[in-house]
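A.B. asks: Single-letter residue listing:
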Amino acid sequence: MKQWLLPKSSLPKLADTIRQTHRLYAPVRLPDQVAFGEIGEGDPFTLDYANARTSVKTLFFPQAETMLRYERSLDRYNDISATPVDSVPTVVLGMRPCDARGLELLDRVFGQGQYHDPYYLARRQATVVVALACAAPRQTCFCHAVGGDPYSGDGGDVLLSESDEAYVAVAQTTKGQEWLASLGLSEADAGHLATAETIAEAAHEKLVKMAPAAGLEDKLTALFESEVWGEIAEKCIACGTCTYLCPGCHCFNIQDRVLANGGIRLRSWDGCMYEGFTVHTSGHNPRPDQGARWRQRVLHKFAYLPENVGMYGCVGCGRCITYCPVRLDIREVIARLRIETAAQLQGEQ
Amino acid sequence: MSAQEVAGMANNPYLPMSMEILRIEDETADRTLKTLDLRWIHEEQAAAFSYHTGQFCELSVLGVGEAPFGIATSPVEEGFIRFTINRAGVVTQKLHSLKAGDVIGMRGPLGNWYPTELMRGKDIVIIGGGFAFTTLRSLIYTLLEGGERDAYGKITVVYGTRAPGLMLYRPDLTAWQDRSDIDMHQTIDREAPNWPHHVGFVPTVVEEVAPSSDNSIAVIAGPPVMIRFTLPVMTKLGFAKEQIYTSLENRMKCGIGKCGRCNVGNKYVCLDGPVFSLAELDELPPEY
Amino acid sequence: MSSLPTEIQQQIADWLSTGEIDLFIGWEQGSVPLGATPAFVRDPQDVSRLIWDATCENNLTAYLAKFKGQKVGIMVKGCDARAIIGLMQEGQWTRENLRIVGVSCPGVVDARKVASALGITLEELDQAEIVDDTVVVGDQSFALADTIHDMCQTCNRRNPNIEDVHLGETLPETPVDDPFGHVGEMEALSSDERWARFQAETSRCNLCFACRNACPLCYCTVCFADRTQPQWLTTTSEAEDVQFFQIMRTFHLAGRCVGCGACTRACPQGVNLRLFLDKLRLDAQEVFGYTAGVDPEAQPPLRTYRQDDPNDTFL
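Chains as they are written, first to last, in the numbering used here: chain A, 1 to 349; chain B, 1001 to 1288; chain C, 2001 to 2315.
The set of hints was computed from the structure by calculation and includes no laboratory data. Computed from a prediction, not measured in an experiment: that's the story for all the values here. For each residue, glycine too, the CB sits at the ideal point set by N, CA and C. One should not assume that every hint holds.
Unchecked claim - Among chain A residues calculated to face chain C with C-beta under 10 Å, some are:
#1 Q63
#2 E65
#3 H144
#4 K219
#5 T221
#6 R327
#7 L328
#8 R331
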């Protein structure tokens, strides 16, 4: 695989080139956060940032999207007038490997099996994802404990790695290969490659030590009846912030909105943290308390998704840890569960 | 809508087909349940629609919402598809207010189905309660009228409701009562005038009828309390968990295993179910 | 470390061992900088986990609804205590079932201000400590008083008005010049400007409901936002849903909000929610002469009628 050199100074020019044929999203530094925004002519953006507050899944699986538009007719309740699907050619520049792995997860959930989600897949197929490896993992980063890595290329089409005033760009997919080849870049020289290597090593040194989650998926379901879930969830206020910011969370609601001459059926984010998520019309709720709902969150991410699609539902980005209003830390949850599963194993022997 | 548009819709599992209401009538005396017979507006979609007994569809009323309903017809009944709707919430209330000629939406067929292949060469015990009988009607019709009655052994049915007026599909029940190739046992909770059949709760009647578990498959569908008390009876009669099937319900939205809402353990009721054997349910957490 | 003084630890432990309370809700050290986390202590031996310092921002009274009918001990700052009285005013809690440790609060730290002062985002704030009256980040330090939340800088109720024991010293209640200055600024705008300000502020909201769930007075079993019959809003981050929710929640708290600010601190997007709630709090004072969370016997103005209620607010 060819290794190209992308000088940092050429980023504005790269943006201009991209914008001739594609819609461009890149990180923008705002007063109190970094957010991915659409880049117009001359708009500033930066690749010098930790992570965006909102995960990049928003660009592929927005908080709300119209699935269909319908017209109102007397006695007819199925006159669909449009099914908007977004397949505008797009480049997303500079997302972190954790966010890209989140897309890998969504690819499997929405793109595998008997049914495929056309809204997500259209955006995904129309987009070149240029991921940016992490030279400086943070205290809240734990991608390495859930099957990821600060230099992982999963889910991206291209991976950029920090070097001396430049990035080394390597394609991860055929799409990425073709895109890189079209840019007229030079190949990376030995010096830049060596620097990139050194930076990568230092980045891995910075990772906070944490035992990998591997193996947990086989033991968690045995804890289903345990009281540990109620204890874990006691301080959770069920606000859904963790769900909204998580690159892997993808549960959604379908609601109809009536407008003047018809309306739309829209898909919007929902979450297992909310009490009403599983409540039946009869009032019966299979998950009647927050402990049961936290159990679902953990089991879905650490047991069911590994079994069903072969990867964890958590990518270790740390957003939920930073933004939870009550500082409920999923790393502490995993550590607690490890103790519980070990205790249970001991008890059974 | 052009043929192209119709074909395009096939690639989008969220788009409902247009269905015309042929008939909408009260199914029960207390009018909480209505039966809808629907026909396809687009012939191509009717031709492409192929389902198995036990599956469900999402019925859609644009501007109100969607809800899942078990298919009450058998695939051998051509030209229409039947659902029985319990008026409980927003969508069902709207469906109840519609009339013949109105057009609604339908997505399907969804979910898995009753294991009729496994039932070949075996005796079949069908136990139903209340308005969960919808897909059981589909199953019975398929077994009797599918052109292969000889492929199956003895068919025993126990169906119970609180009162005679709450029985679903009474003309069908009466017709089956008279047949010799199916052993029907209808029951109501308490005595009622002119009731010629059983009186008693379903678990009690099952115990009285005592169907043999030898080379048998059982399908049970009903309110949770009925299932809870029927299972010990089945065990007593010698039925193993692999021999008993049930149809689960859970809150649903997408119906295709994407929205993450209806899961029981790592299985989605809409995709891996709604039909599960008790042995399969044993492997799953009690979260329904 | 910010452990509780021995005598307070002992008091809480005694309440638990004698069964006067089944549970004590306090704060303990969290895993991210400058944020304590709620602690639920049932074993007297666990009281050593509890802390009190400027990172203890959560209003723990929001958890009381979960333990209705039980005997609960709780630690409250001045603002939190008002919420307990608010709950008593609405018949949600009885005094006998509560054991309250009151703490005088000089203000709780706003981690965003620290990050902002360093020119970084919250994600990039890897480490920070409170040492006496300063916030120390590496080799930089800030006066704690400069990093506390805006709402704490204009606080005029630093001491709890309901408690069984008091931790530490009582703080002087220095009169605050203009506690509703932020509201006054908005009132001075034209109607169009005010609407634009409201739109701009709420445009950051993504309807996660952290504000509602952190609020002690939002205790409805089924919130209007969660109903389907009728369905009041869809759960998108679009203006029509967000504005509807924010306006309705604000008005549902009219005359009931005690101004604790938990909602504003809980919001992950930094929406200035107290701007709107404080407007209605000011209205309650000016129109009905009423302040929520002060007198357990008093009734919120929208729940009662007096013959001499002012009529000039009606069109």
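A.B. asks: Give a verdict on every hint.
C.D. replies: To see whether the hints hold, each was checked on the structure:
no.	hint	verdict
1	Q63	holds (5 Å)
2	E65	holds (9 Å)
3	H144	violated (17 Å)
4	K219	violated (23 Å)
5	T221	violated (26 Å)
6	R327	holds (4 Å)
7	L328	holds (7 Å)
8	R331	holds (7 Å)
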